[in-house]
Structures are given as C-alpha cells and as structure tokens.
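Number of protein chains: 2
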Amino acid sequence: MDKAAFHKLSYGLYVVSSRKNDKFNGQIANTSFQVTSEPPTIAISINKQNLTHEYIEASRKFAVSIISKSTPMQFIGKFGFKCGRDINKFENVNFKLGEVGVPIVLDNAIAFIEAEVINQMDCGSHTIFVGQVKDCGVLNDAEEPMTYAYYHEVKRGKTPKTSPTYQEAPEKDKRKARYICSVCGYTYDPGTGVPDSGINAGTRFEDLPSEWSCPICSADKAKFEKEQ
Amino acid sequence: MDKAAFHKLSYGLYVVSSRKNDKFNGQIANTSFQVTSEPPTIAISINKQNLTHEYIEASRKFAVSIISKSTPMQFIGKFGFKCGRDINKFENVNFKLGEVGVPIVLDNAIAFIEAEVINQMDCGSHTIFVGQVKDCGVLNDAEEPMTYAYYHEVKRGKTPKTSPTYQEAPEKDKRKARYICSVCGYTYDPGTGVPDSGINAGTRFEDLPSEWSCPICSADKAKFEKEQ
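Top to bottom, those sequences are chains A and B.
Letter by letter, the first sequence follows residues 1 to 228 in my numbering.
Letter by letter, the second sequence follows residues 1 to 228 in my numbering.
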C-alpha cells in the first residue's frame, strides 16, 4: 500500500466554524463536498478531538468559509494549528453572523456556506456531518479559491518547477540548509524566506531572530530541525 | 442564497468503479475525500440512480482511479455521460483487478485507491459510502491530477484570462458563434476547437461534419444550440 496515492486526491482549504452558546470557534479543514442539490446539502469531516467538533455537536450548525489563494500562512496557522481552548481565534478577525448564527469569516474568504446538521456518521477518529444549506454567498469573485495542493506546494515554499512562479534558486542559496518544524512539518526554505511576514528570500535560518517562530503553528525556533 | 458559492469548493476528478458478480462499471465523480488515517478510510458520494451505486451496494467494494490533467474529454465523456446499462464502459479501456477485485482504470490514471465499504449514509438523492482502504498506489508520478476546476475552465474550452495558456482569440474568431450541447452543457468554442480529437482552433460549428457528436456525451450535432 503506497499511501502517496492519498496525496493525489484534490481538496480545497476552508475555515469550518461553529458555536456553543455564546462562544465561537473555527478550524482549517480540507474535507468538504456538496452532496445533493435538492435540497442543497454539504458534507464535512471533522476530527472528534477538535473543539469545533464539540461545538457542532452542541449547536448542530456550521459554516464553511472558502479562503482565497492569497491567504497568508499566519491566518491558516491561527485557524489550523492553534486550539480554540487556548485562544479566541476570532479575536482580530473580521466575521459576520449569518442566517444560522455561526461566525462566517470575512478576512481572506471568497465565499461561505452555512448549514444545519441533518445527519452524521461516526467514522472512528472523525465524524462526517451532513448539513442542509440555509444560506450561501460569494464574498469576492475576483480571487481564486485556495487549494490544498497550492498550500502545500507554493505556500510552504516548495514551488513546482512547472509553475509559472518557480524560480531557480541562486547557487549561493542552494548551499543554505532548510529547516523543518518538528510540530507541524512546515519547511523553512532560505531560498524563499517568508515574504508574508517580511523575511526576505536569501535569509539563512541561522540569521532569523531567536524570537522568530513557525509561521504556521507558532512553535519556537528551537523546535526546528535541519533537513537531512 | 447565491449558489455560485458551491462552485468555489475545490474537487478532483475520479473514476469510481465497482462490480456486481462478473459485471464491471465505473463513473466519473468529483466527490471523494480521505476520512481517517488509522485505519485509512475514504468517503465517496454517489447518486442512487447510477449503476455504479447498484454495484457498490451489491459487492460492498469500490475503487477510485485518480485521473490526470491531460485526460481527453472523450474518456471523461465515456465514464461520465454514458450509462453502463447501455454500454460496457471498460471495453477498450486498460484496467487491472486489484486487491478487492474491482476494476482499476489504467488509462489516464495517476493513482488508485481500493476500498471495502464499512459504513454508509442515506443522503436523499445520494449515498455517502465510507470504505476501508485495502490497497492504493501511484501509477504515474510525472503527471498532475485533474481538478474539477481545470476540467471546467480549460477542458471545456473556456480558458481564464489569468491562465498561462490563455490566448486572445483573433478578431475573426470572435465573430464565430459558440454552440452549447443541450444534453450535457458542453460548449463548442470555434476559437478553441477540440484539439483532443483533431478539430483545429478556428473551425466554425457550421463547418463540423454532420456526423460530428459532442466530445463529452456523444449527443448528435443537432442537439447543439447556438449560444445567445
């Protein structure tokens, strides 16, 4: 069994959000598809350990905010690698409460779908929730949706050679080591830097300030290991 | 409710196949995601009216063949718009029987996932099947997976202006009318032609031979209507 096959499935990237009483939470998910058109229903798959799972179980409502290709890594890191038990993820994030009363992300979102749970299936570590769509809309038609492939290949600094944005790294950069976050797997590539947060291409890992942290999961610089 | 929001969800494009006794069938689907990693499971959503649904119900087994970006429209049309009750879709298609005994498509496929159904959920017009993966593998690592967005925007002849492959149509072509298949919605664009089947860009719809048929669903030329 060559599990690399799983990486050939194509996905988008979404913020799935819900509420429990007056508390909100949201998380990054790549697993969502429309199930039926009459009535419109949508499926999501959520890990049972996640706070968003607890909130969906409680309120039976969720929203899927579809984020744009230009979404900064920090935003994905906040919703994807932080836990809502530790922080209020919606602090400093623009959102609105829609038809069903759960937060719809407005920052970096190009569309939203709100639903009420009508069915669910226990799948071990995850639950598939099917929701009947109560409202949906386009927020920004000028930007393309973020895909999981794009996030992995471009946003993490690994640009495929076939991509129009690929640039051959200068010889000097090639000798600089890449470092991998032991928490979330993010690769710091000195040939790319982290333009989103002002780290220019060409900055060696060793030259990053000691208070620098992973742009995805905020792990300390010390959590990074040199790529073998 | 602006249903255009649904089109912002990202999907791949797959041949989902199954068997019933000694008969095989397969269909195009865009709805599949991995659900859990331990054990590896995968979800698919299938319309109850489809023959593949009947076969999965009967054998409790299915395979997902992930097709490449370069898959010709005719191949997608055969699996997507023909019915297995009328034709044997696997005639003249290279396939293998894998671990669970259902056909894995080899033509145009870059990877496959085989599974046995362990759970299912009735969703009205569709059923979501969850299968435990019994085998999976990569068939062609050099090609990218077809995405639903790519299929719609490029394969149907509508190339977005932001695409590197976009070419401004010559003035002469712009005056040529586009024709839409009333069966499957395929748009014949004379500015693009159907390079897959030797119809060069610049060929007017009126100049296509009378025996020409829709490259997606094989509907007769007479089923096409001029775009308004």
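Hints were generated in silico from the structure; no laboratory data involved.
Wrong hints could be hidden among the right ones.
Just so you know, same-sequence chains aren't split out, so a pair can sit in one copy or run between any two.
Straight line, CA to CA, 25 Å or less: simulated SDA-like cross-link-like pairs of lysine to any residue [unchecked claim]:
hint	residue 1	residue 2
1	Lys-48	Ile-199
2	Lys-23	Pro-209
3	Lys-23	Gly-185
4	Lys-82	Ser-213
5	Lys-176	Asn-21
6	Lys-23	Ala-222
7	Lys-69	Ala-4
8	Lys-3	Glu-143
9	Lys-20	Glu-143
10	Lys-69	Gln-120
11	Lys-96	Phe-75
12	Lys-20	Gly-202
13	Lys-3	Asn-119
Intra- versus inter-copy proximity for Ser-213 and Lys-82 (alpha-carbon distance at most 25 Å): within (13 Å within a copy, 54 Å between copies)
For Lys-20 vs Glu-143, is the C-alpha pair at or below 25 Å within one copy, between two copies, both, or neither? neither (32 Å within a copy, 44 Å between copies)
Which holds for Lys-176 with Asn-21 at a C-alpha limit of 25 Å: within a copy, between copies, both or neither? Answer is neither; intra-copy 50 Å and inter-copy 58 Å both fail.
One pair to classify: Lys-3 and Asn-119, alpha carbons no more than 25 Å apart. Within, between, both, or neither? For Lys-3 and Asn-119, only the inter-copy Cα distance (21 Å) is at most 25 Å; the intra-copy one is 30 Å.
Within, between, both or neither: Lys-23, Gly-185 at alpha-carbon 25 Å: neither (30 Å within a copy, 45 Å between copies)
Is the C-alpha distance from Lys-48 to Ile-199 at most 25 Å within one copy, between copies, in both cases, or in neither? neither (36 Å within a copy, 52 Å between copies)
25 Å Cα cut-off: does Lys-23 pair with Ala-222 within a copy, between copies, both or neither? Result: close neither inside a copy nor across copies, 33 Å intra and 58 Å inter.
25 Å Cα threshold - placement of Phe-75 relative to Lys-96: Within one copy only: 17 Å inside, 44 Å across.
How would you label the pair Lys-69, Gln-120 (within, between, both, or neither) given a Cα cut-off of 25 Å? neither (30 Å within a copy, 33 Å between copies)
My question is about Lys-3 and Glu-143: at a cut-off of 25 Å on alpha-carbon distance, are they close within one copy, between copies, both, or neither? between (32 Å within a copy, 17 Å between copies)
Within, between, both or neither: Lys-20, Gly-202 at alpha-carbon 25 Å: neither (45 Å within a copy, 58 Å between copies)
Using 25 Å as the alpha-carbon threshold, which applies to Lys-23 and Pro-209: within, between, both, or neither? neither (36 Å within a copy, 64 Å between copies)
The structure shown violates the earlier hints numbered 1, 2, 3, 5, 6, 9, 10 and 12.
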